[in-house]
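Chemist: Just so you know, we're using numbering that gives the first Met the number 0 here: the sequence shown kicks off at 0 and counts up by one.
Hints were generated in silico from the structure; no laboratory data involved. Hints may contain errors.
Said to hold, decoys possible - What follows is a set of in silico ranges between Cβ atoms, one per label pair, in the way DEER data are often shown:
id, residue 1, residue 2, range
1, G190, R385, 28 to 36 Å
2, G190, L426, 20 to 28 Å
3, V194, M265, 20 to 28 Å
4, K130, R228, 34 to 42 Å
5, D232, L258, 35 to 43 Å
6, T425, V210, 50 to 58 Å
7, I288, Q436, 32 to 40 Å
8, V394, V210, 20 to 28 Å
9, P371, N176, 51 to 59 Å
10, T238, L170, 40 to 48 Å
11, N236, G391, 26 to 34 Å
12, N236, P108, 23 to 31 Å
13, R78, P344, 38 to 46 Å
Ideal Cβ placement from N, Cα and C applies to all residues, glycine included.
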Amino acid sequence: MNESSVETMPFSDDIPADKVASDRTTLHATDPQIDRPPEFCHASESQSFADDSAEDSKDLTSERPTSDELPEQRGGILRRLMGGVGWLISAVFSIVSLIVCLAFLAAIPIVQLVSFGYLLEVAGGLARGKKLRDSLPHLDSFRRIGIVIGAVVVGALPVQLLAHLESVAALINPGSNQSDQMRIFAIAAAGAAMVYLLWALARGGRLRDFVWPQPIGFLRRGWRPTTYRELPDRLWNFTHSLQIPKFFWLGLRGAIGTLIWLIPAMIVIAANRNGETGLAGLVGIIAAITLGIVLMYLPMLQAHFAAENRWRALFEVRRIRRLFCYAPWAWLGAMLLSLVLFPIPLYLLKIEALPREVTWLPTLVFVAFILPARLSAGLALRRAKRIASDYGDGVTKPSSWINFFSRWTVRTVMPVVVGVYLAFVTLSQYTSWDGLQTWVQQHAILIPIPFFGV
0 MNESSVETMP FSDDIPADKV ASDRTTLHAT DPQIDRPPEF CHASESQSFA DDSAEDSKDL
60 TSERPTSDEL PEQRGGILRR LMGGVGWLIS AVFSIVSLIV CLAFLAAIPI VQLVSFGYLL
120 EVAGGLARGK KLRDSLPHLD SFRRIGIVIG AVVVGALPVQ LLAHLESVAA LINPGSNQSD
180 QMRIFAIAAA GAAMVYLLWA LARGGRLRDF VWPQPIGFLR RGWRPTTYRE LPDRLWNFTH
240 SLQIPKFFWL GLRGAIGTLI WLIPAMIVIA ANRNGETGLA GLVGIIAAIT LGIVLMYLPM
300 LQAHFAAENR WRALFEVRRI RRLFCYAPWA WLGAMLLSLV LFPIPLYLLK IEALPREVTW
360 LPTLVFVAFI LPARLSAGLA LRRAKRIASD YGDGVTKPSS WINFFSRWTV RTVMPVVVGV
420 YLAFVTLSQY TSWDGLQTWV QQHAILIPIP FFGV
């Protein structure tokens with residue numbers, strides 16, 4: 000505002016009354032809050048607070064799930080529950096397939112070393128620090144093998160039924176057309192089942208590939224030879240991924256080292272072969288006591304050997320004795336499972352020899368019992384190594400009185416555990432079909448059946 004405007008501005012006393020009234024009306028129109036009584040201002044503020052509270056309550060209620068959103072949440076929980084059940088079924092099926100495959104391999108002479116090497120690797124993997132869910136190598140591959148075996152069995156059922164009907168028709172009415180028809184139907188069913196299985200394998204060999212045949216895709220590509228051209232290469236790659244030579248080499252070295260440790264058992268066999276007493280009996284008793292001392296360390300030595308993958312590790316008794324000091328109770332639990340709870344009931348299956356054709360059936364039970372025993376040994380050794388890493392990897396022993404008490408308590412109980420196991424081994428030489436050979440054919444530390452069959 001310049002000086003001329005100030006000089007020419009009239010004072011309020013000189014402004015006409017009608018001009019002031021018109022200006023006041025204009026101001027009231029532009030700003031309603033001007034020149035209002037105080038009670039109107041308080042009412043508007045309370046109204047604004049009420050509006051804010053309404054907005055806040057609206058926000059709070061908007062965060063609550065509505066009736067339309069609740070089914071979605073329930074559906075998410077149901078999906079997670081069904082996913083967990085599916086995972087559990089898949090895991091159980093994979094483990095069952097693994098046990099069946101190991102039992103089948105264990106029933107074949109020489110090849111059974113693959114099964115023994117796999118069991119050693121289970122304990123060695125845990126001793127190296129693997130997690131329990133990763134301790135079973137190639138578990139997914141065994142699941143796929145189980146799926147294929149199951150599909151072959153299901154596909155063979157119609158063929159077996161038709162072949163049985165053909166034989167029945169031939170017996171009831173020899174030379175009739177019905178037996179010829181059943182034979183043709185059986186051959187056709189066998190061909191259809193083979194094509195079905197090959198088509199499923201060409202698409203990946205998964206469960207859904209066997210359940211749903213994709214008929215449209217089969218009409219487009221199933222009849223072409225190029226569809227099955229890659230099957231031999233894929234089968235070879237799958238077989239190579241199982242690392243069978245690795246497990247065989249591990250099992251062979253482990254078996255040789257274990258047999259060296261079992262020399263006292265061989266002396267027991269030699270001392271009692273002819274029922275001799277006197278000096279031979281004394282030698283047998285000394286050999287049995289020596290075998291008991293060996294069994295206190297042998298399961299952990301085997302796990303240590305598999306973890307280090309060195310043959311000399313199978314004889315590092317000093318290292319095992321030092322690792323025992325860090326986890327004595329875990330050690331005792333593993334020895335109970337490895338020598339008493341799992342192996343002893345299996346001696347009932349050795350009372351009578353079975354035909355060679357069904358040798359693998361009891362081997363299923365043997366593998367199912369020995370597998371958790373190997374897992375327990377690996378877990379105990381893994382725990383001991385983890386605690387030992389806090390003491391310079393075994394340079395010093397724990398100095399607490401609790402550890403001292405635990406060590407000597409377990410050392411007192413351990414001979415009892417081994418003594419119970421040896422008592423059943425001694426009894427089994429009179430009840431087992433193998434007789435004195437049961438001193439060497441110990442499924443707790445070796446494969447569940449003899450090396451060269453029965």
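Chemist: Is 38 to 46 Å respected by the C-beta to C-beta distance linking R78 and P344?
Modeler: holds, 41 Å
Chemist: Looking only at beta-carbon atoms, does the pair T238, L170 fall within the given range of 40 to 48 Å?
Modeler: Because 42 Å falls inside the window, the suggested range holds.
Chemist: Measuring from beta carbon to beta carbon, are P371 and N176 in 51 to 59 Å?
Modeler: With Cβ atoms ~57 Å apart, the hint holds.
Chemist: Is the gap between the beta carbons of T425 and V210 within 50 to 58 Å?
Modeler: Holds, at about 53 Å.
Chemist: Do the Cβ positions of G190 and R385 conform to the proposed distance bound of 28 to 36 Å?
Modeler: violated, 58 Å
Chemist: How does the Cβ-Cβ distance of G190 and L426 compare with 20 to 28 Å: does it lie in that range?
Modeler: violated, 55 Å
Chemist: Between N236 and G391, does the beta-carbon spacing fit 26 to 34 Å?
Modeler: With Cβ atoms ~45 Å apart, the hint is violated.
Chemist: Mind checking the hinted window 32 to 40 Å against the Cβ distance between I288 and Q436?
Modeler: violated, 20 Å
Chemist: Can you let me know if the beta-carbon spacing of V394 and V210 is within 20 to 28 Å?
Modeler: The hinted range 20 to 28 Å is violated for V394 and V210, with Cβ atoms some 58 Å apart.
Chemist: Does the beta carbon distance between K130 and R228 stay inside 34 to 42 Å, or does it fall outside?
Modeler: holds, 40 Å
Chemist: Kindly confirm whether 20 to 28 Å is satisfied by the beta carbon distance between V194 and M265.
Modeler: Cβ of V194 to Cβ of M265: about 55 Å, so the range 20 to 28 Å is violated.
Chemist: State, for the Cβ atoms of N236 and P108, whether the hinted interval 23 to 31 Å holds or is violated.
Modeler: holds, 28 Å
In terms of the numbered hints stated before, the structure departs from hints 1, 2, 3, 7, 8 and 11, listed from lowest to highest.
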